[in-house]
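Undergrad: Chain by chain, the residues run as shown.
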Amino acid sequence: MQISEIATKNCLRSAHTCKIGKVFKERRQLLSLSESQVASEIFVNVNYIKGIEHGDYSIFPARIFALQYFKKYANFLNLKLDFFDIYNSH
Amino acid sequence: MKNSETYFHNFESIDKTKKSILYIAGAGMDHRLVRAIRLSDSEYNKPLIIDLPGHGKSKGSSSNSIEYYGQFLINALEVYDLKNLSLCGHSMGGLIALDMVLNHNFAVKELILVNSIYPTRVADALLAKAKAGNGGAANFIIKYGLYRRLLGMRNAFSEADDLVMLDDLDACNNYELDLNNIKNAEIPISIILGSKDRLVDLKTVENFTDIVPSQTYTMDEVGHFSFFEDPVELSRLISSIV
Numbered sequence: 263m264q265i266s267e268i269a270t271k272n273c274l275r276s277a278h279t280c281k282i283g284k285v286f287k288e289r290r291q292l293l294s295l296s297e298s299q300v301a302s303e304i305f306v307n308v309n310y311i312k313g314i315e316h317g318d319y320s321i322f323p324a325r326i327f328a329l330q331y332f333k334k335y336a337n338f339l340n341l342k343l344d345f346f347d348i349y350n351s352h
Numbered sequence: 670m671k672n673s674e675t676y677f678h679n680f681e682s683i684d685k686t687k688k689s690i691l692y693i694a695g696a697g698m699d700h701r702l703v704r705a706i707r708l709s710d711s712e713y714n715k716p717l718i719i720d721l722p723g724h725g726k727s728k729g730s731s732s733n734s735i736e737y738y739g740q741f742l743i744n745a746l747e748v749y750d751l752k753n754l755s756l757c758g759h760s761m762g763g764l765i766a767l768d769m770v771l772n773h774n775f776a777v778k779e780l781i782l783v784n785s786i787y788p789t790r791v792a793d794a795l796l797a798k799a800k801a802g803n804g805g806a807a808n809f810i811i812k813y814g815l816y817r818r819l820l821g822m823r824n825a826f827s828e829a830d831d832l833v834m835l836d837d838l839d840a841c842n843n844y845e846l847d848l849n850n851i852k853n854a855e856i857p858i859s860i861i862l863g864s865k866d867r868l869v870d871l872k873t874v875e876n877f878t879d880i881v882p883s884q885t886y887t888m889d890e891v892g893h894f895s896f897f898e899d900p901v902e903l904s905r906l907i908s909s910i911v
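Those protein sequence lines, which keep their order, are chains A and B.
Quick note on the working numbering: the first sequence kicks off at 263 and runs consecutively.
Quick note on the working numbering: the second sequence kicks off at 670 and runs consecutively.
Quick caveat, the hints were computed from the structure, so don't treat them as lab data.
Mixed in with the good hints, there may be bad ones.
[Unchecked claim] Across the chosen pairs, the derived CB separations fall in these ranges:
hint : chain 1 : residue 1 : chain 2 : residue 2 : range
1    : B       : Leu871    : A       : Asn309    : 30 to 36 Å
2    : A       : Lys281    : B       : Asp889    : 37 to 43 Å
3    : B       : Asn853    : A       : Lys284    : 37 to 43 Å
4    : A       : His278    : B       : Leu819    : 47 to 53 Å
5    : A       : Asn337    : B       : Arg817    : 14 to 20 Å
6    : A       : Gln299    : B       : Ala801    : 51 to 57 Å
7    : A       : Asp344    : B       : Arg704    : 43 to 49 Å
8    : A       : Asp344    : B       : Leu796    : 46 to 52 Å
9    : B       : Lys752    : A       : Lys281    : 27 to 33 Å
10   : A       : Glu303    : B       : Asn772    : 47 to 53 Å
11   : B       : Lys726    : A       : Lys281    : 50 to 56 Å
12   : B       : Glu747    : A       : Lys333    : 27 to 33 Å
[As the list claims (entries may be wrong)] Each computed BS3-like pair below joins lysine-lysine, with the alpha-carbon atoms no more than 30 Å apart:
hint : chain 1 : residue 1 : chain 2 : residue 2
13   : B       : Lys812    : B       : Lys800
14   : A       : Lys287    : B       : Lys752
15   : A       : Lys284    : A       : Lys334
16   : A       : Lys334    : B       : Lys688
Idealized CB from N, CA, C, for every residue including glycine.
Input sequences plus hints: build the corresponding full structure.
TA: Written out as structure tokens, the structure reads:
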């Protein structure tokens, strides 16, 4: 289980996740919030915030973490975005 | 660190810039649960644990209510205002952690259940042992729960001449959680199981993970006492999650 997760982690970034990440970043900046402030406000690891904004989900231990924190961050920014399931897109 | 009633383990050295994990012990157990957990000193504070009332070095009386224990810990933690906190509950402690997050909206970064699942129903034979005293119940749990041969496991349990084990086991049996609350959990729940754990029902785990956003990890050749049976692997898993 651990081996397969590690093996696929390098591929967890795509043009689509990057575009979505940019939407997060722009909304956050519009609200004049830093990544750390968001992390502190919604109790999420700051590296997860960075991962979502950079469209790179390799930071997450597993898909469910990416999905749940994506939703949590989107709710906080009041963004209506669908999670792009890069884990099952190959 | 201590106040007059409650024992706080490793709270005297908290660095708020580091990650903190509050461990919650299972039935009849206490701060000794974390004695072999080792995480990177540069990234994590020492393992934090608060002895529940009537357990370990804390005074007071045990309770047959998971909700009571959850509220107790929330109150105890209030003064520390930890913003970088995760919860890791072992066995009954997992139920307490669930209750803190789901019923009290206690904000944490990660929630980890170790050898724990909801619901936890305790066998009548174990309850009968617990009614006779802590020692018999501890021996029963060790007999059926421990997979690796470990000397001194008995020392991790309460030796007091009270019925703290009975209270704790009743608390597990009594605990009811609204499944809709679990379904809507904002954070994923990490579940660490032992492949040889005979005290956690795999069918119950399956039912739980079907509903709840969660990730399950299984430790090979480990029973119900991952903290003692393979603390190195458990530490590695915890640090990969938090």
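Undergrad: Work down the list of hints and note, for each, if the structure agrees.
TA: Against the structure, the hints come out as follows:
1. Remark: the range hint 30 to 36 Å for leucine 871 (chain B) to asparagine 309 (chain A) is upheld by a beta-carbon distance near 33 Å.
2. In this structure the supplied range 37 to 43 Å holds for lysine 281 (chain A) paired with aspartate 889 (chain B), their Cβ-Cβ distance being about 41 Å.
3. Distance hint check for asparagine 853 (chain B) and lysine 284 (chain A): the Cβ-Cβ separation is about 28 Å, which falls outside the suggested range of 37 to 43 Å.
4. In this structure, histidine 278 (chain A) and leucine 819 (chain B) meet the distance hint of 47 to 53 Å, their C-beta atoms being roughly 50 Å apart.
5. In this structure, asparagine 337 (chain A) and arginine 817 (chain B) break the distance hint of 14 to 20 Å, their C-beta atoms being roughly 43 Å apart.
6. A hinted range of 51 to 57 Å holds for the C-beta pair glutamine 299 (chain A) and alanine 801 (chain B), which are about 55 Å apart.
7. Distance hint check: the CB atoms of aspartate 344 (chain A) and arginine 704 (chain B) are about 46 Å apart, consistent with the given range 43 to 49 Å.
8. In this structure the supplied range 46 to 52 Å holds for aspartate 344 (chain A) paired with leucine 796 (chain B), their Cβ-Cβ distance being about 48 Å.
9. A hinted range of 27 to 33 Å holds for the C-beta pair lysine 752 (chain B) and lysine 281 (chain A), which are about 31 Å apart.
10. Distance hint for glutamate 303 (chain A) and asparagine 772 (chain B): a CB-CB separation of about 22 Å, inconsistent with the stated range 47 to 53 Å.
11. Distance hint check: the CB atoms of lysine 726 (chain B) and lysine 281 (chain A) are about 54 Å apart, consistent with the given range 50 to 56 Å.
12. In this structure the hint that glutamate 747 (chain B) and lysine 333 (chain A) lie 27 to 33 Å apart at CB holds, the actual value being about 28 Å.
13. Taking the CA atoms of lysine 812 (chain B) and lysine 800 (chain B), the gap is near 17 Å; set against the 30 Å cutoff, the hint holds.
14. Proposed proximity of lysine 287 (chain A) and lysine 752 (chain B) is supported: the alpha carbons are some 23 Å apart, at most 30 Å.
15. Restraint check for lysine 284 (chain A) and lysine 334 (chain A): satisfied, since their Cα atoms lie roughly 16 Å apart, inside the 30 Å limit.
16. Of the pairs offered as hints, the one joining lysine 334 (chain A) and lysine 688 (chain B) holds, with about 20 Å between alpha carbons and a cut-off of 30 Å not exceeded.
Hint compliance for this structure: hints 3, 5, 10 are not met, and every other hint is.
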